[in-house]
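There are 2 protein chains.
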Amino acid sequence: MSAVVLGLTAITSSLVHAADPLPSWNDTPKKESIVAFVEKVTKSGSTDFVPVPERIATFDNDGCLWSEQPMYFQAFYIFDRIKALAPQHPEWKDKEPFASVLKGDLKSALAGGEHALLEMAMATHAGMSSEEFDKVIRDWLATSKHPKTDLRYNQMVYQPMLELLAYLRSKDFKTFIVSGGGIDFMRVFAEETYGIPPEQVIGSSIKAKYELRDGKPVIVKIPELDFIDDKAGKPVGIYQHIGRRPIFAAGNSDGDFEMLEWTTSGEGPRFALYVHHTDAEREFAYDRESHIGKLDKGLDEAPKRGWTVVDMKADWKTIFPDR
Amino acid sequence: MSAVVLGLTAITSSLVHAADPLPSWNDTPKKESIVAFVEKVTKSGSTDFVPVPERIATFDNDGCLWSEQPMYFQAFYIFDRIKALAPQHPEWKDKEPFASVLKGDLKSALAGGEHALLEMAMATHAGMSSEEFDKVIRDWLATSKHPKTDLRYNQMVYQPMLELLAYLRSKDFKTFIVSGGGIDFMRVFAEETYGIPPEQVIGSSIKAKYELRDGKPVIVKIPELDFIDDKAGKPVGIYQHIGRRPIFAAGNSDGDFEMLEWTTSGEGPRFALYVHHTDAEREFAYDRESHIGKLDKGLDEAPKRGWTVVDMKADWKTIFPDR
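Residue numbers (the working numbering), protein chains in the order written: chain B, 2 to 324; chain Y, 2 to 324.
Everything labelled a hint here was simulated from the structure, so no lab data went into it. Treat the hints loosely; a few may be bogus.
Identical chains blur together in the list; that is why a pair holds if it fits in one copy or across any two.
[Unchecked claim] Listed below are the simulated DSSO-like cross-link pairs for lysine-lysine, each with C-alpha atoms no more than 30 Å apart in a straight line: (1) 44 x 208; (2) 104 x 305; (3) 172 x 44; (4) 210 x 232; (5) 217 x 104; (6) 208 x 295.
Small disclaimer: the values here were computed from a predicted structure and weren't measured.
Construct the complete structure from the given sequences, taking the supplied hints into account.
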């Protein structure tokens, strides 16, 4: 092929891309409604025009940007970490929920819900410096694989959502993660994986302190709860970190309900999106009865409130990025 | 003057501006060192080159971006607010520190230090929604004047620092405020005054909750301490909000010491700047003995650590912007 033809191909493909910012989305009314919203709020002179600084978009992470079954990926990390640290903690053999983790009984380990998970997170992170923590997560991500798909966890991100993030940013939106997951856990991979810098990641956190270790300043994590960024905590996290109400929000569970409610109750044009897990074959199918990512109230309320519910099976051409 | 000449003037002035990004700074070694730092970290191919996402610059607010004498401007606001709310709080007449404020005895009111100020801040803000709070601050800023200068408080910002912020942003730095002041107090004016959006303002905070009032979602401030963003709290605030170590930091007091220490102890090129209040005529002169903005340890340590100490009297051509 000649260089001229190659050049033309490149131009054509960039035109196609410009015409379709969401190529992994099927051409359904869901996709149309997203594009229509973005166009009207970014078209200067439009009555719905939103100035650039107010173009804030917030996304849940677990189940919205990457998978969350059969349990939150951060729980896999915490369990791996407990196993790695067990030799230094002989007392864990007789102490729940650690004992169940070490026996491989994950169901019992998780029976205590988020509280038990948090206790394990604090026990495995306390005393670690921010640099040590970063390295441990980075190593874990590079060496661990999902039990069902055999993929690295950060390969189990949703291609259609990556396109949506990029599309919004191309229209001068600032994209944020607002998740119940650990803020510093997500920050390790959010920039590389989603193009979202650490300062735009909001999550649950434990406290930290500043100290000198051998004369060198470090930030050290301490085993004290700081903030739970879930349910009614999400609008509060948005308020404390962003200080401005989003105009676009996406989630996938009842834990995101208040974020979507807060977002859509502002004046002017607003967009709320629920990702509905309907594809047992390509990913997972769950909603009202699920222990992880339960979507019940949200499914009832979304149609009444004009929120868009994306049906992963029907609305998405692909789920995970090609490798 | 003809249009051609006018056009030439515009071009010339933009060339001059390009040549001197800091026109309100005298041509001293301090200014040179700032420009040299910014040029080396932003010049592609330079061994000191810093990629755009890592160009994080943090600035203290009180005494660094705007004045802080004879007391923090937020304290003036809190005192005004106590007077306004006094009719609804008859018990304040007999309760310190409120009683002293109502008697106009500001010295006694402030005798309890930051703790007393915080108690007053919480008492005057609790139960307020984020929208109400925003409006109250906006109205106060528009109607209040500084007792010495008769200027609006947000006119008492430092022109040379405004230029520094704009210069850094023109080189793709992301500029943040990291201040002991109230995070939501500063967010009301930071965007308009400094070009710093709310999501890049970090400060002290009280807690907040999300609730429905008459079916309408609101964020309500509650009288419980959340975080004090001062001294060793500043690197922690940076960690929790930004998640990345700055390469440039500016402050003016010992309360900024840890932020400058944390910033400069990272690898690669770093810049730390102290604003030293030396100009009693054009602003205020204070350092080692001051109750507000005490700069003592910092003055001793700065030369040993290679931090730049800006002498307001000698290094700045102007202090406040022309009106």
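Hints and how they fare:
1. 44 x 208: neither (43 Å within a copy, 37 Å between copies)
2. 104 x 305: neither (46 Å within a copy, 55 Å between copies)
3. 172 x 44: For residue 172 and residue 44, both the intra-copy (10 Å) and inter-copy (28 Å) Cα distances are at most 30 Å.
4. 210 x 232: Both. Shortest intra-copy (27 Å) and inter-copy (11 Å) distances satisfy the 30 Å Cα cut-off.
5. 217 x 104: neither (39 Å within a copy, 48 Å between copies)
6. 208 x 295: both (28 Å within a copy, 28 Å between copies)
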